[in-house]
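Enquirer: Single-letter residue listing:
2 protein chains.
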Amino acid sequence: MVYIKLDRNSKESLTKQVYRHIKHMILNNKLKADEKLPSSRKLASELNISRIVVVDAYENLLAEGYTYAIKGSGHYINKNLTLERPQLPAPQVDFSEFEQEHIEISFKSRIPALDMFPKAKWLKCYREALYDSESTSFGYSYPSGQKSLRKTLADHLYKKRGIKCHEDQIIITSGSVQGLSLLSQYFKTCDGKVILEDPFNYTIRDMFEKNETIYQAIDKFGLDPDNFPKDTKISGIIMTPSHQYPMGTASPISRRIELIKYARQHDCLIVEDDYDSAFRYDNSPVESLHELDPERVIYLDSFSKVMMPSLRIGYMVLPTHMIEPIYKLKRISDITSPILNQLTMDRFIQYGYLDQHIQKMKSVYKRRRHHLIGLLNHYFTDQVTIHGVSAGIHIVAEFEGLVFDNQLIKSIEGDGVYIMRLSDNTEYPDKYKSHLILGYGNLTEGQLDKGIKILHKHLNKLN
Amino acid sequence: MVYIKLDRNSKESLTKQVYRHIKHMILNNKLKADEKLPSSRKLASELNISRIVVVDAYENLLAEGYTYAIKGSGHYINKNLTLERPQLPAPQVDFSEFEQEHIEISFKSRIPALDMFPKAKWLKCYREALYDSESTSFGYSYPSGQKSLRKTLADHLYKKRGIKCHEDQIIITSGSVQGLSLLSQYFKTCDGKVILEDPFNYTIRDMFEKNETIYQAIDKFGLDPDNFPKDTKISGIIMTPSHQYPMGTASPISRRIELIKYARQHDCLIVEDDYDSAFRYDNSPVESLHELDPERVIYLDSFSKVMMPSLRIGYMVLPTHMIEPIYKLKRISDITSPILNQLTMDRFIQYGYLDQHIQKMKSVYKRRRHHLIGLLNHYFTDQVTIHGVSAGIHIVAEFEGLVFDNQLIKSIEGDGVYIMRLSDNTEYPDKYKSHLILGYGNLTEGQLDKGIKILHKHLNKLN
Numbered sequence: 003m004v005y006i007k008l009d010r011n012s013k014e015s016l017t018k019q020v021y022r023h024i025k026h027m028i029l030n031n032k033l034k035a036d037e038k039l040p041s042s043r044k045l046a047s048e049l050n051i052s053r054i055v056v057v058d059a060y061e062n063l064l065a066e067g068y069t070y071a072i073k074g075s076g077h078y079i080n081k082n083l084t085l086e087r088p089q090l091p092a093p094q095v096d097f098s099e100f101e102q103e104h105i106e107i108s109f110k111s112r113i114p115a116l117d118m119f120p121k122a123k124w125l126k127c128y129r130e131a132l133y134d135s136e137s138t139s140f141g142y143s144y145p146s147g148q149k150s151l152r153k154t155l156a157d158h159l160y161k162k163r164g165i166k167c168h169e170d171q172i173i174i175t176s177g178s179v180q181g182l183s184l185l186s187q188y189f190k191t192c193d194g195k196v197i198l199e200d201p202f203n204y205t206i207r208d209m210f211e212k213n214e215t216i217y218q219a220i221d222k223f224g225l226d227p228d229n230f231p232k233d234t235k236i237s238g239i240i241m242t243p244s245h246q247y248p249m250g251t252a253s254p255i256s257r258r259i260e261l262i263k264y265a266r267q268h269d270c271l272i273v274e275d276d277y278d279s280a281f282r283y284d285n286s287p288v289e290s291l292h293e294l295d296p297e298r299v300i301y302l303d304s305f306s307k308v309m310m311p312s313l314r315i316g317y318m319v320l321p322t323h324m325i326e327p328i329y330k331l332k333r334i335s336d337i338t339s340p341i342l343n344q345l346t347m348d349r350f351i352q353y354g355y356l357d358q359h360i361q362k363m364k365s366v367y368k369r370r371r372h373h374l375i376g377l378l379n380h381y382f383t384d385q386v387t388i389h390g391v392s393a394g395i396h397i398v399a400e401f402e403g404l405v406f407d408n409q410l411i412k413s414i415e416g417d418g419v420y421i422m423r424l425s426d427n428t429e430y431p432d433k434y435k436s437h438l439i440l441g442y443g444n445l446t447e448g449q450l451d452k453g454i455k456i457l458h459k460h461l462n463k464l465n
Numbered sequence: 003m004v005y006i007k008l009d010r011n012s013k014e015s016l017t018k019q020v021y022r023h024i025k026h027m028i029l030n031n032k033l034k035a036d037e038k039l040p041s042s043r044k045l046a047s048e049l050n051i052s053r054i055v056v057v058d059a060y061e062n063l064l065a066e067g068y069t070y071a072i073k074g075s076g077h078y079i080n081k082n083l084t085l086e087r088p089q090l091p092a093p094q095v096d097f098s099e100f101e102q103e104h105i106e107i108s109f110k111s112r113i114p115a116l117d118m119f120p121k122a123k124w125l126k127c128y129r130e131a132l133y134d135s136e137s138t139s140f141g142y143s144y145p146s147g148q149k150s151l152r153k154t155l156a157d158h159l160y161k162k163r164g165i166k167c168h169e170d171q172i173i174i175t176s177g178s179v180q181g182l183s184l185l186s187q188y189f190k191t192c193d194g195k196v197i198l199e200d201p202f203n204y205t206i207r208d209m210f211e212k213n214e215t216i217y218q219a220i221d222k223f224g225l226d227p228d229n230f231p232k233d234t235k236i237s238g239i240i241m242t243p244s245h246q247y248p249m250g251t252a253s254p255i256s257r258r259i260e261l262i263k264y265a266r267q268h269d270c271l272i273v274e275d276d277y278d279s280a281f282r283y284d285n286s287p288v289e290s291l292h293e294l295d296p297e298r299v300i301y302l303d304s305f306s307k308v309m310m311p312s313l314r315i316g317y318m319v320l321p322t323h324m325i326e327p328i329y330k331l332k333r334i335s336d337i338t339s340p341i342l343n344q345l346t347m348d349r350f351i352q353y354g355y356l357d358q359h360i361q362k363m364k365s366v367y368k369r370r371r372h373h374l375i376g377l378l379n380h381y382f383t384d385q386v387t388i389h390g391v392s393a394g395i396h397i398v399a400e401f402e403g404l405v406f407d408n409q410l411i412k413s414i415e416g417d418g419v420y421i422m423r424l425s426d427n428t429e430y431p432d433k434y435k436s437h438l439i440l441g442y443g444n445l446t447e448g449q450l451d452k453g454i455k456i457l458h459k460h461l462n463k464l465n
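Chain order of the listed sequences is A and B. The numbering of the first sequence is this note's numbering, which starts it at 3 and goes up by one. The numbering of the second sequence is this note's numbering, which starts it at 3 and goes up by one.
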């Protein structure tokens, strides 16, 4: 006897309910092998439903192999279909890093002004990309990304950063993080270790095994090849020469030349992560390391800072011998980055919107930076030191004699202010225990006022 | 003497040109260490340009460390700035796979009808996602993807595929390829080998080292655990149980239960790649393997077939113990998938547009499938065998006695028709030398007519 309790208010169709109940009974051995199901007419009448409902449910069971049919006789349960059901544990994952409803003012670094994203211009470009592109563009395509965007980028990079490259040397990635991730896979196949700057961006650190890397402390000009280990083969150097993350140092040309010479002597590659080069507030755009030796330097950047991180569009300029291996790694990572986004970005650059937006944001960020430094000097006077050159969307502030321990961070968070310790981004936490990384890109002057006031209230208590 | 040839018609500013020329002379040792630059006044007059142009160029050179300034005296070249320029090779990469201008009719598999993408509905959802979302959504977010989309998907999967899961078990990926790529990295950390179906999708094969995998030939019900090697530890099985790619077999419930029992006995995981389950033309949607044991099965799918591949949106449903490790792998791969696309897809599903589109496409593809099979039977009569159940957007056709060698493929391509050999997707090419994978999703009935006629012309010559 098949007992089925139907729920006539359920969103689930009656056919689906009948099917699911019978299946459940089979899997749980309530209906045994070779047992005959009631005729569809009989079951329909018992359940007071239309016969077609039962016929459809029976057909599904048959098609999936739960039953076999004997012509003129009916449906029978197949053999060996009993399966004990497992207990399901509840998922327990710590997502707290992203669930910050209690945070009113976040000094998280690397976040641009999200509310100033040029929505109308972007949407215009997106609409055009959607309606004006050949539909063949919407299948699978080049792992290296859309040719039109790569061409536009090659022009753009030449004009803005003095970078000379062919469009086939460019690979579009899902943010610069994917570029670095592909490179970390590439370096695993090389003979030698990879040098990372210290302090560093911990996302990059996490891409490498500890035994594959050397953390090299920077000085006031960034990485110094004179300090590199003499007895270890180095295959790559990953660095941020124009605005070191997080310290904000800029490597002058003499240091850059030493780095290139080191790379040539030791046959290694340099990865130039140019993550916020668009924003410099002193009078000069420092040129790229890439132009000094395009066959030794991998240039890497993204639109995360100049547009917004959630677009996940980045790119690399590769030495010619790396095009094929990186291309293959990208293909087995995700085939290619989303294409409509690439076609949109292509138009966005070609229409001059990118330049306009950068120009506008540069003056916004310059003001915010100036305001933040003014506030810090006002509240903390000679107890605070600001590190790094005038660029980007974050600063490093060192508070003399203070230690940012968990309890302090927590109590500041309790007042709705999120701050980042530099000590979480280094192998030498003691050296940087008094340093904060303060992102200001996404904070208005009013928010900066409030945030620094709250920070002062907490730090003041400690003195 | 500084000789600079200016191009007044160049897009490059005069300041940039002056700066670049002097820099070039320094790097190439034409201006030596401690040599003094002419005064800005003098150079401006020589070049017949405004003095401010030269002043700006000099400031850039100073800021970048090419020169040093002595107050009241002028600008001098810094030491050690000579750098020999490297020769640049031209990039030579074979992109021919994606440059198919000569192909008029492509039987490439896994491509849906790209010209039927519901542009207006998608754009409506995109606009809403852009304008109605909190701007805080546009920074960095959960590596697992937008919570709203994960919730919507959890509902959708329950209704469509009988999958019960919590939204935190879902991770949004850039297509199912990224999901498989993350899993391949996960399996590298496990003790044991991974079983792949043979024939397979070569993109998946390429994610694994040869010594990490076992290619297991399928039979008419897919993978048979009775044939798995007895003396090798297996950590994972990657399979397409509802519609094997490419052969099109469907595993009945008895085989599914055997697979689950195998996985339990040998403590291994099953990856259920459900790549085209939305399209079944017989009367039943075969249920997922996942529902039989959600803690042993990773369910994986994408919107590439039901929407279009270029969106690059896929997802996985993970057993609870895998959430954290996969979450970490995703974070260091690309942080998160593009967010606006996720917010758009969320609305697209919630408004019922996805269901409508699938419904519509199902009848389109069913017609195309029927038409293609009709054509094959018409032209090749009893020389052709169609493999697989009635589902998806491709078929496998076996042409008795024929061998698809390179020359044959090339001559068919010469007539504008692209076909895929099954033998490129197997470790046993001899077994499948007479088989073609024919994708019909993106071909109209007229194109199918023309394509199969051309195919027949070429194959007929051989008999």
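Hints were generated in silico from the structure; no laboratory data involved. Careful, some of the hints might be misleading.
Since copy identity is lost for identical chains, a pair holds within one copy or between any two.
[Claimed, not checked] Below, simulated DSSO-like cross-link-like pairs (lysine-lysine); rule was C-alpha separation at most 27 angstroms, straight line: (1) Lys-190 to Lys-212; (2) Lys-463 to Lys-435; (3) Lys-263 to Lys-463; (4) Lys-166 to Lys-81; (5) Lys-263 to Lys-18; (6) Lys-123 to Lys-263; (7) Lys-463 to Lys-13; (8) Lys-166 to Lys-7.
Since this is a predicted model, take the numbers as computed values, not measurements.
Enquirer: Which hint numbers doesn't this structure obey?
Expert: 3, 6, 7
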